[in-house]
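**Student:** Sequence:
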Amino acid sequence: MNNTPIPRSLRIVVTRAFWTFLCVALITCSSLSTHAARQKGRAQSSGAIDAHTFEILMAAQEETENGNFSAALKILEAVKDSSKLNSYAKSQMWNFYAYIYATQEQYESAIASYKNVIAEVDAPAGLKMTAKYTMAQLYFLIEDYPSVIELMEQWVRAVEQPTATAHIMLTQAYFQNSSYDESLANLLRAIELASKDGKPIPEDWLRMKAAIFFEKNDTKKTLETYEELMTSYPKELYLRQIAGLHGELGNERKRLALYDALHVHGSLTRESELINLAYMYIGQGIPHKAGRIIKSGMHNREIESNAKNVETLANAWVQANEHREAIPALQNAARLSDKGSLYARLAGVYFDTGDFVNAASAARKANHKGGLKRAGNNQMLLGMALFHLNDFEAALQAFRQAKESKIIFSNARKWEAYALSEIKRLRTIEQSKFRLNKETEDTLKAEENYLEAIGHRMILDVNESAPTP
Numbered sequence: 001m002n003n004t005p006i007p008r009s010l011r012i013v014v015t016r017a018f019w020t021f022l023c024v025a026l027i028t029c030s031s032l033s034t035h036a037a038r039q040k041g042r043a044q045s046s047g048a049i050d051a052h053t054f055e056i057l058m059a060a061q062e063e064t065e066n067g068n069f070s071a072a073l074k075i076l077e078a079v080k081d082s083s084k085l086n087s088y089a090k091s092q093m094w095n096f097y098a099y100i101y102a103t104q105e106q107y108e109s110a111i112a113s114y115k116n117v118i119a120e121v122d123a124p125a126g127l128k129m130t131a132k133y134t135m136a137q138l139y140f141l142i143e144d145y146p147s148v149i150e151l152m153e154q155w156v157r158a159v160e161q162p163t164a165t166a167h168i169m170l171t172q173a174y175f176q177n178s179s180y181d182e183s184l185a186n187l188l189r190a191i192e193l194a195s196k197d198g199k200p201i202p203e204d205w206l207r208m209k210a211a212i213f214f215e216k217n218d219t220k221k222t223l224e225t226y227e228e229l230m231t232s233y234p235k236e237l238y239l240r241q242i243a244g245l246h247g248e249l250g251n252e253r254k255r256l257a258l259y260d261a262l263h264v265h266g267s268l269t270r271e272s273e274l275i276n277l278a279y280m281y282i283g284q285g286i287p288h289k290a291g292r293i294i295k296s297g298m299h300n301r302e303i304e305s306n307a308k309n310v311e312t313l314a315n316a317w318v319q320a321n322e323h324r325e326a327i328p329a330l331q332n333a334a335r336l337s338d339k340g341s342l343y344a345r346l347a348g349v350y351f352d353t354g355d356f357v358n359a360a361s362a363a364r365k366a367n368h369k370g371g372l373k374r375a376g377n378n379q380m381l382l383g384m385a386l387f388h389l390n391d392f393e394a395a396l397q398a399f400r401q402a403k404e405s406k407i408i409f410s411n412a413r414k415w416e417a418y419a420l421s422e423i424k425r426l427r428t429i430e431q432s433k434f435r436l437n438k439e440t441e442d443t444l445k446a447e448e449n450y451l452e453a454i455g456h457r458m459i460l461d462v463n464e465s466a467p468t469p
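Residue numbers (the working numbering): 1 to 469.
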């Protein structure tokens, strides 16, 4: 049995019709006085009520109208087992019982009384039909849907012009019984009858139609029905349903357009709705819109600035190549996260902007926090950042650690070779500089010695040439 709740106003259709039939039952009882007047003076027959019985029933009716149901039941009890009551009179009495019980919401007792009405041989055909219809209503109220179906199908076959309300009751009963084809057939018949009378299709009938198609897994028809609802009874709720159904059908752009309209209208205020819209934009390759939505939502305190949401924001900015926005977002997300993966991503963004100092710093923080799924990639990035900073020895160590990953082993080995080559080149340069410096120093020393020797010789020459005193 289907547990899908029936729309409230659809249940109102049932209860209103139910009380209408109770009024008919009361009118039937009220007409007893006219009927008895016609029968007065005649011999009692199968289709007549004697004056005494009539007076008792009228007394019960008066108590009922005054709300004295217990008193009315006592009056009826006094004649219930009377041998003077014929079948016709008993049918009227049981009808009165049913009315009183139903008015008191004693539905089981009311149903039992209506069954007694139908069982009476001389009960008027119209009264029996009314009893069946009202019983069906009562069964609906106690959620005995198979009994509703049985009685209403009998009633529909018996009357010349079944009402739209009767078909709606069958629609609901079949729906709750998971008989969706029969439910739909009765609903379409009710809509046809209403259209013939020039009446608009009630909103809840269309909602029921959508519910039936949904249970039949007919998403396209469900969508068409909600579009019909949106045309006749425009509501934000139906626009949301239409957007969701477009998503079910794979029409992601239409879904996004409708949710965007809701967002522009200010109808999306819950965090889940805004985050969902952001994901839709990311999925459609418009990450900068996703970033703006989340950033605005956090600013307006509609979206919590927790680790997950901040990470989503950062991802949006990264995909949009909005580095100025991505860096602070990733910094916040990385601090909030208990793993180093976001620091690794931050390192990548820094590297892309040419900020190798911060790239290396973020990569080291990622290693320190740990929990990296691709630790080798982070080591590789650290090595490249250090390489660009000309810290070749540290870069070499990073590349050698990156080689532990089979996935990037080949690239890591190439970068290791580059680093070694640079180290060797720098060592060669240093050695050459050393030799050059040594040679220069030796040359200068030799020149100094030479000049010193010349100076000394010149002094000797001067001394030798000077006259002796």
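Hints in this document: simulated from the structure, not taken from any laboratory. Backbone N, C-alpha and C fix where the C-beta goes; we use that ideal spot for every residue, glycine too. A hint or two may mislead.
Taking lysine-lysine and the DSBU-like style, the derived pairs with C-alpha atoms no more than 35 Å apart in a straight line are [said to hold, decoys possible]:
id, residue 1, residue 2
1, K406, K424
2, K199, K308
3, K295, K254
4, K373, K295
5, K403, K445
6, K132, K84
7, K199, K235
8, K115, K220
9, K196, K221
10, K406, K433
11, K424, K308
12, K115, K80
13, K128, K84
14, K365, K295
15, K406, K365
16, K74, K84
17, K414, K445
18, K235, K221
Quick list of the computed label-pair ranges, beta carbon to beta carbon [claimed, not checked]:
id, residue 1, residue 2, range
19, K216, G370, 27 to 35 Å
20, G370, L426, 28 to 36 Å
21, K80, R157, 27 to 35 Å
22, R335, E224, 28 to 36 Å
23, N300, R324, 43 to 51 Å
24, K221, N68, 50 to 58 Å
**Student:** K74 and K84: Cα distance at most 35 Å?
**Tutor:** 18 Å, holds
**Student:** Within a Cα-Cα threshold of 35 Å, do K235 and K221 meet the stated pairing?
**Tutor:** 19 Å, holds
**Student:** Is the distance from the Cβ of K221 to the Cβ of N68 consistent with 50 to 58 Å?
**Tutor:** 53 Å, holds
**Student:** Is the hinted pair K406 and K365 satisfied, with a Cα-Cα distance of at most 35 Å?
**Tutor:** Distance ~23 Å between K406 and K365 Cα, so the pair holds.
**Student:** Are K414 and K445 close enough, with their CA atoms no more than 35 Å apart?
**Tutor:** 46 Å, violated
**Student:** Measure nothing beyond the straight line between the CA atoms of K406 and K424; if it is 35 Å or shorter, mark the hint as holding.
**Tutor:** Between K406 and K424 the Cα gap is close to 27 Å, so the pair holds against 35 Å.
**Student:** In this structure, is the beta-carbon distance linking G370 and L426 contained in 28 to 36 Å?
**Tutor:** Since G370 and L426 have Cβ atoms about 33 Å apart, the given range 28 to 36 Å holds.
**Student:** Given the hint that K403 pairs with K445, test it: the Cα-Cα distance must not exceed 35 Å.
**Tutor:** Measuring from Cα to Cα gives roughly 50 Å; hence the hint is violated.
**Student:** For a C-alpha distance cap of 35 Å, please report whether K115 and K80 respect it.
**Tutor:** 15 Å, holds
**Student:** Do the Cβ positions of N300 and R324 conform to the proposed distance bound of 43 to 51 Å?
**Tutor:** 21 Å, violated
**Student:** Is the Cα-Cα distance between K115 and K220 35 Å or less?
**Tutor:** 44 Å, violated
**Student:** Within a Cα-Cα threshold of 35 Å, do K295 and K254 meet the stated pairing?
**Tutor:** With Cα atoms ~24 Å apart, K295 and K254 stay inside 35 Å; holds.
Of the numbered hints given earlier, the model fails hints 2, 5, 8, 10, 11, 17, 19, 22, 23; all others are met.
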